[in-house]
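Number of protein chains: 2
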Amino acid sequence: MKVDHQLIIVGGGPAGLTAGLYAARAMLDVTLLEKGAPGGQVLNTDWVDNYPGFPDGLSGFDLADKMTAQTKRFDLEIKQAPVTGMDLQEDVKTLHLEEGGTLTCRAVILATGARPNHIDIPGETEFAARGVSYCATCDAPFYRGRIVAVIGGGNTAIQEASHLTKFADKVYVIHRRDELRATKILQEKAFANDKIEFVWDTVPTAITGDKSGVTGIELKNVKTDKTSSLDVEGVFVLIGLRPNNEMLPMEQLKTKDGFIVTDQEMHTSIPGVFAAGDLISKNFRQIANAVGEATTACLSAEHYLAHLPDE
Amino acid sequence: MKVDHQLIIVGGGPAGLTAGLYAARAMLDVTLLEKGAPGGQVLNTDWVDNYPGFPDGLSGFDLADKMTAQTKRFDLEIKQAPVTGMDLQEDVKTLHLEEGGTLTCRAVILATGARPNHIDIPGETEFAARGVSYCATCDAPFYRGRIVAVIGGGNTAIQEASHLTKFADKVYVIHRRDELRATKILQEKAFANDKIEFVWDTVPTAITGDKSGVTGIELKNVKTDKTSSLDVEGVFVLIGLRPNNEMLPMEQLKTKDGFIVTDQEMHTSIPGVFAAGDLISKNFRQIANAVGEATTACLSAEHYLAHLPDE
Numbered sequence: 000m001k002v003d004h005q006l007i008i009v010g011g012g013p014a015g016l017t018a019g020l021y022a023a024r025a026m027l028d029v030t031l032l033e034k035g036a037p038g039g040q041v042l043n044t045d046w047v048d049n050y051p052g053f054p055d056g057l058s059g060f061d062l063a064d065k066m067t068a069q070t071k072r073f074d075l076e077i078k079q080a081p082v083t084g085m086d087l088q089e090d091v092k093t094l095h096l097e098e099g100g101t102l103t104c105r106a107v108i109l110a111t112g113a114r115p116n117h118i119d120i121p122g123e124t125e126f127a128a129r130g131v132s133y134c135a136t137c138d139a140p141f142y143r144g145r146i147v148a149v150i151g152g153g154n155t156a157i158q159e160a161s162h163l164t165k166f167a168d169k170v171y172v173i174h175r176r177d178e179l180r181a182t183k184i185l186q187e188k189a190f191a192n193d194k195i196e197f198v199w200d201t202v203p204t205a206i207t208g209d210k211s212g213v214t215g216i217e218l219k220n221v222k223t224d225k226t227s228s229l230d231v232e233g234v235f236v237l238i239g240l241r242p243n244n245e246m247l248p249m250e251q252l253k254t255k256d257g258f259i260v261t262d263q264e265m266h267t268s269i270p271g272v273f274a275a276g277d278l279i280s281k282n283f284r285q286i287a288n289a290v291g292e293a294t295t296a297c298l299s300a301e302h303y304l305a306h307l308p309d310e
Numbered sequence: 000m001k002v003d004h005q006l007i008i009v010g011g012g013p014a015g016l017t018a019g020l021y022a023a024r025a026m027l028d029v030t031l032l033e034k035g036a037p038g039g040q041v042l043n044t045d046w047v048d049n050y051p052g053f054p055d056g057l058s059g060f061d062l063a064d065k066m067t068a069q070t071k072r073f074d075l076e077i078k079q080a081p082v083t084g085m086d087l088q089e090d091v092k093t094l095h096l097e098e099g100g101t102l103t104c105r106a107v108i109l110a111t112g113a114r115p116n117h118i119d120i121p122g123e124t125e126f127a128a129r130g131v132s133y134c135a136t137c138d139a140p141f142y143r144g145r146i147v148a149v150i151g152g153g154n155t156a157i158q159e160a161s162h163l164t165k166f167a168d169k170v171y172v173i174h175r176r177d178e179l180r181a182t183k184i185l186q187e188k189a190f191a192n193d194k195i196e197f198v199w200d201t202v203p204t205a206i207t208g209d210k211s212g213v214t215g216i217e218l219k220n221v222k223t224d225k226t227s228s229l230d231v232e233g234v235f236v237l238i239g240l241r242p243n244n245e246m247l248p249m250e251q252l253k254t255k256d257g258f259i260v261t262d263q264e265m266h267t268s269i270p271g272v273f274a275a276g277d278l279i280s281k282n283f284r285q286i287a288n289a290v291g292e293a294t295t296a297c298l299s300a301e302h303y304l305a306h307l308p309d310e
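Protein chains in written order, with numbering that gives the first Met the number 0: chain A, 0 to 310; chain P, 0 to 310.
One or more hints might be untrue.
[Unchecked claim] Label pairs and their calculated CB-CB ranges:
1) P:His302 <-> A:Trp46: 18 to 28 Å
2) A:Trp199 <-> P:Lys255: 47 to 57 Å
3) P:Thr101 <-> A:Gln79: 39 to 49 Å
4) A:Asp209 <-> P:Lys255: 55 to 65 Å
5) P:Glu97 <-> A:Gly56: 27 to 37 Å
6) A:Asp3 <-> P:Gly144: 21 to 31 Å
7) A:Val260 <-> P:Asn282: 11 to 21 Å
Keep in mind the hints are simulated off the structure, nothing from the lab. Glycine residues also receive a C-beta, built at the ideal position from the N, C-alpha and C atoms.
Construct the entire structure; sequences and hints are all you get.
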């Protein structure tokens with residue numbers, strides 16, 4: 000049966016672009032579908048200091064631009080075409096496009112990413128990447144000598160709060176309850192850390208700032224309704240992450256908490272379907288991780304296609 | 000118990016340097032031990048076209064240099080100190096140095112890499128990265144319109160020979176036996192591919208060339224002892240890979256064919272011991288893979304250290 004392409008990549012962040020680079024360079028008949036501009040979450044990242052190969056770091060925009068340019072050099076076709084649905088279980092995979100019509104292919108790489116949960120308060124969007132961060136591993140070193148707030152009480156929030164004290168002078172942990180969900184040992188270390196101050200039973204109501212970035216956070220005690228504010232130069236929102244899975248046939252795929260389960264070769268539970276990047280079930284979501292996984296996903300897809308009888 | 004460092008990274012290729020970048024930037028007490036110059040196999044790579052972020056590609060030397068400079072910006076200590084042995088099973092890990100003495104730590108990242116098997120014939124070393132390649136995924140696109148030889152008969156050799164026909168005008172497959180070890184479907188596709196010519200029962204005896212690189216290969220038929228030669232501009236030696244595991248306590252670690260078995264978070268079978276890069280058991284060994292795995296290995300090591308009671 001004739002298909003439109005051998006391989007379709009869904010998503011144009013670092014994972015999708017890396018898979019696209021490898022596929023195009025390998026002369027596969029491939030197309031990449033992206034709902035917006037290539038780059039994904041990286042476009043919202045002010046400065047990337049920890050992607051190996053750039054001694055001085057570079058802006059997220061610049062990195063996205065370089066990755067896209069590299070795919071273009073190998074003539075990768077990138078289409079701005081949101082995908083609304085997929086049938087993946089047959090040998091021929093069918094993708095449904097928002098603009099109407101379908102595209103068929105033999106192999107698919109899912110790389111639609113994820114997005115951090117927001118607290119949805121005034122100032123959050125305005126100061127994103129100018130003091131509001133969703134990744135302490137990425138951004139903690141930028142807060143040397145500063146005062147910052149962490150929103151959250153889970154393992155990530157508490158481990159990252161401790162991590163932040165290596166750089167920041169003081170870390171407030173704002174938590175809506177009066178106890179943490181984090182594991183005991185992380186709690187004990189955080190309680191023993193004199194740079195960390197817990198603000199219990201409290202939710203943020205607004206992030207304030209000026210042209211230079213964040214200057215403070217407004218708070219409300221959920222038990223007393225009393226309001227207060229803190230002077231901080233950074234707000235780390237560490238309350239989880241949601242996969243961009245709305246267009247995926249979740250009932251066909253093995254998933255965990257909405258993220259796609261893969262093996263170490265980035266096979267999903269469906270033959271011919273691979274996944275990489277923030278969309279997959281895993282512990283760490285750095286750009287370098289996405290790039291590595293996507294390389295594997297593409298080479299696994301090539302291997303799959305090379306072993307198809309009618310290919 | 001007092002240790003010399005929280006974390007020691009063994010090996011300074013892209014995996015080791017990436018783990019070192021993440022560890023140093025996270026302010027861990029870390030040191031990286033490398034037997035030679037930082038960069039690893041990448042230093043032997045003429046041109047890297049498929050590491051995402053460099054639209055025009057860059058030399059292997061340049062990439063190694065950039066990765067090293069990035070770790071220096073975060074003050075990573077890199078010691079030229081070959082490791083001769085390790086005791087990994089206790090909570091405190093001990094590394095034995097060739098120069099004498101030991102270093103102790105709580106967590107270790109193993110990133111000693113691997114090396115391609117060589118055919119050990121005249122010209123092989125002389126023309127390395129000037130026509131002799133050990134990676135068709137990496138180098139095939141550089142041979143557009145050329146005539147090349149593949150040495151080997153396994154899955155990798157045959158899949159890569161087919162891959163090479165997308166670029167090269169003709170691909171000779173030189174194999175010492177009169178049948179292939181590759182899977183049936185790969186064989187059938189290769190036999191049906193009119194750009195591939197098999198040279199059976201034959202071993203290479205020398206690679207010849209001039210200042211511009213490889214120009215030919217000398218052959219001997221192992222049944223008839225008859226010698227011959229072929230005009231080729233590239234020789235792909237695809238006869239497997241050996242892990243650099245000589246200094247590892249292999250009896251303590253779960254391994255497969257000499258490579259270290261890890262889970263998806265780069266834990267080895269020993270708590271506190273992580274591994275990344277070409278040393279681990281896996282299908283694909285691109286720089287991007289090593290970088291992604293090392294990022295995970297370091298973040299897993301951080302997580303491990305954060306959960307140690309006495310840390």
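Taking the hints in turn, this is what the structure says about them:
Checked against the hint of 18 to 28 Å, the C-beta distance between P:His302 and A:Trp46 comes to roughly 24 Å, which is consistent with it. About 49 Å separates the C-beta atoms of A:Trp199 and P:Lys255, a value consistent with the hinted range of 47 to 57 Å. At roughly 58 Å, the beta carbons of P:Thr101 and A:Gln79 sit outside the given window of 39 to 49 Å. Between A:Asp209 and P:Lys255 the Cβ separation comes to about 57 Å, which falls inside the hinted range of 55 to 65 Å.
Taken as a hint, the range 27 to 37 Å holds for the pair P:Glu97 and A:Gly56, whose Cβ atoms sit roughly 35 Å apart. Here the CB-CB span from A:Asp3 to P:Gly144 is close to 29 Å, well matched to the stated 21 to 31 Å. Checked against the hint of 11 to 21 Å, the pair A:Val260 and P:Asn282 passes, with Cβ atoms roughly 18 Å apart.
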